[in-house]
Amino acid sequence: MRVIVVDDALLFREGLTRVLASMGFEVLGVADDVPGSLRLVERDPPDVAILDLRMPPGHGTEGIEAAQQIRSRWPSVGLLLLSQYVEAHYALQLMTDFEGGVGYLLKDRVSDLEAFALDVRRVATGSTVIDPELVANLVARRREGDPLESLTDRERDVLSLMARGRSNAALADALHLSPKTIESYVGSIFTKLGLAPDTREHRRVLAVLTFLRA
Amino acid sequence: MRQRQRTPAKAWNHRAMTLTSRLAWPTAIAVAVVVVLGFLAGVHLGNLHNGLLGVSFAFVGALVIRHNPDPDAAGHREGRLFLLSGVASGLMFTCRQVGYEPGFPGAEWIAWFGVWPLPLVMVLVGLTIMSFPTGRLPGSAWRRLVIAATAVAVVLAAMSALWPVEYERTALLVGHPLAVPGSESLQGLFTAASNVAYFGFQLMFAVCLLARMLVADAAQSRQLWWFVGAGALSVVVMALSITVWDTPIGGLLFIPVLPLAAGIAMVESSYEGLVSDLRASARRIVTAGDDARHRLERDLHDGAQQRLVTLGMDLGALVELAAASGNQPLTEAAARARVELMEATAELRELAQGIHPTILTDQGLVPAVERLADKSPIAVAVRTQLPDRLPPDVEEAAYYVVAEALTNAAKHSGATAVGVDLTRTDGGVAVRVADDGRGGADSSGQGLVGLADRMLMLGGTFLVDTGPSGTTVKAVLPCE
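Just so you know, the protein sequences line up as chains A and B, in that order.
According to my numbering, the first sequence is numbered sequentially starting from 1.
According to my numbering, the second sequence is numbered sequentially starting from 215.
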């Protein structure tokens with residue numbers, strides 16, 4: 001699998017390149033800003049572009065801008081955005097702006113090489129990946145009337161994994177349940193939360209994240 | 215030769231000026247006493263204005279001096295001029311009043327002291343007017359004019375001292391104490407010269423004021439308008455007094471309004487100066503703190519946090535190597551180390567964002583407040599109708615209002631729900647955080663007091679309303 005790495009921090013760029021190489025990825029090139037990233041993709045479009053969310057000149061969303069440009073010109077390129085801290089605000093923006101093939105993770109996730117490699121491959125195949133700490137914080141947020149109270153523990157697990165972008169198949173695998181059971185859990189969750197059912201992964205991530213942030 | 219120790223000029227000035235501050239009110243009261251004594255001789259229209267001027271100028275002078283204790287301040291200098299004019303007018307008034315009591319011992323000489331200084335006192339009062347509000351003349355050209363006017367005044371005063379040329383006009387009941395020959399021939403000359411001179415003086419005063427107004431900055435302009443306005447009003451009152459009531463008394467009684475207006479203008483202005491100084495000081499303090507916090511968060515992000523991410527990658531590689539080598543205990547140990555690192559970096563993230571939330575700078579107030587709501591141990595509902603971004607000062611202040619209020623609600627009040635409302639008001643942003651707890655917010659507590667500086671800096675308002683049914687924090691931050 002072919003990837004590019006775009007980050008203005010030298011140490012991280014090199015470390016990530018090493019990690020990717022050790023997990024069997026081919027790193028086509030590295031860049032440290034938005035124009036550099038576009039030049040790389042243009043030269044040789046990768047399967048996934050791994051981008052730092054925040055790059056010079058420092059408004060905080062250069063990574064998203066680069067992702068938007070790449071998506072509009074090379075729609076098949078997966079987009080994985082990394083950051084030293086994750087914000088629900090950006091997750092929602094990404095889910096609104098992009099339809100699948102996008103991920104948003106803490107840079108810290110790279111320390112679990114196998115899980116990270118799996119996430120990169122998920123993004124390459126068009127799935128959605130949202131950082132687990134972000135989802136956990138959102139699920140844990142106190143709400144008046146606590147609408148999540150009506151969910152069973154199992155359903156909450158399913159909700160969290162859904163928010164992280166897992167497909168039904170991935171859910172079945174992770175929770176050691178049959179796809180049919182997963183489907184019924186998902187249906188029950190959507191009904192209890194009053195959400196319109198949607199089997200498209202990225203749509204349901206957006207729906208759940210929006211619900212959690214409301 | 216004996217060496218004399220020289221006191222540095224500034225220290226000497228300071229001691230002299232502090233003396234002025236201490237003597238200001240006693241002097242003004244002394245003038246009042248002297249003038250009241252003068253009025254024992256009755257009210258005489260020709261002299262009335264001098265008494266009123268004396269008291270009013272002296273009192274306004276004392277007030278303004280006390281309001282501007284710094285001897286370098288414009289107000290202090292102008293106040294001194296007012297006080298001096300008041301003293302001169304008051305003394306002249308009472309001395310002249312004696313001229314209406316021929317039986318008073320030494321009346322001739324005392325009254326004489328109330329007549330010849332007139333041109334000099336007029337120039338002094340004029341100098342006071344021309345120096346308003348800075349306490350200094352507007353330029354060297356004006357200084358030269360005043361010197362010339364003083365020279366003319368000295369000549370006129372000398373003539374008046376030697377000959378009874380002013381006595382007919384002042385209608386005194388006593389005669390001139392000196393009997394220098396030649397007064398009949400000089401009378402005509404003096405009358406003509408003094409009419410021209412007095413008119414010229416008053417013209418000079420008025421033109422100087424107008425010239426100042428043309429080049430004045432906003433603060434001085436406001437003060438000048440007070441003065442000029444009062445002057446115009448006094449002209450109107452005098453005209454009415456003469457035409458409608460057929461006496462100049464109305465206009466004369468109105469005279470003290472001029473120094474009063476000047477005094478009010480100066481005191482108001484010194485308050486404004488004080489407030490803007492305080493505001494600037496608060497801004498420096500708050501900005502220094504904010505800058506330090508921003509730098510700290512940036513340094514953590516670029517330094518320690520980055521290193522820990524790299525360390526994480528190294529640990530991850532270690533875990534892979536250990537797993538590949540088949541050494542179970544080693545793999546488990548490496549995996550545990552990695553978990554601990556993740557927890558440490560999570561804590562560091564929270565700490566850094568607690569010092570300064572990057573999203574506040576990058577995305578603005580609303581996303582940052584939503585983040586506070588995410589983290590809050592109490593349910594927070596955020597309602598907002600704000601435009602996308604606000605000035606950074608305002609966003610920071612509003613953010614800290616919400617942050618402090620939420621912290622207090624969580625820590626002290628036993629609240630179960632908090633509402634945060636962010637709205638646009640006329641000329642500002644309103645922040646309202648209301649909880650349903652027990653109340654008892656300590657408004658002298660560190661957090662809330664820290665906010666007070668931000669409010670002062672921005673000129674905003676801050677209110678904590680606390681009671682058994684909950685606490686509401688309301689802040690309004692001006693911005694256009």
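Where hints are given, some of them may not hold.
[What the hints assert, rightly or not] Just so you have them, the derived chain B footprint on chain A, three or more residues with Cβ under 8 Å:
#, segment
1, 17 to 29
2, 100 to 111
3, 137 to 143
If you're looking for bench data, these hints aren't it; they were derived computationally from the structure.
Computed from a predicted model, the values in this text were never measured in an experiment.
Even for Gly, the Cβ is constructed at its ideal location relative to N, Cα and C.
Going down the list of hints, with the structure as the test:
With 3 residues having a Cβ less than 8 Å from any Cβ of chain B, the segment 17 to 29 of chain A passes the three-residue criterion, so the hint holds. Only residues whose beta carbon comes within less than 8 Å of a beta carbon in chain B count, and the segment 100 to 111 of chain A has 4; three or more means the coverage holds. A stretch counts as covered by a chain when three or more of its residues have a beta carbon under 8 Å from one of that chain; for the segment 137 to 143 of chain A and chain B the count is 5, and the coverage holds.
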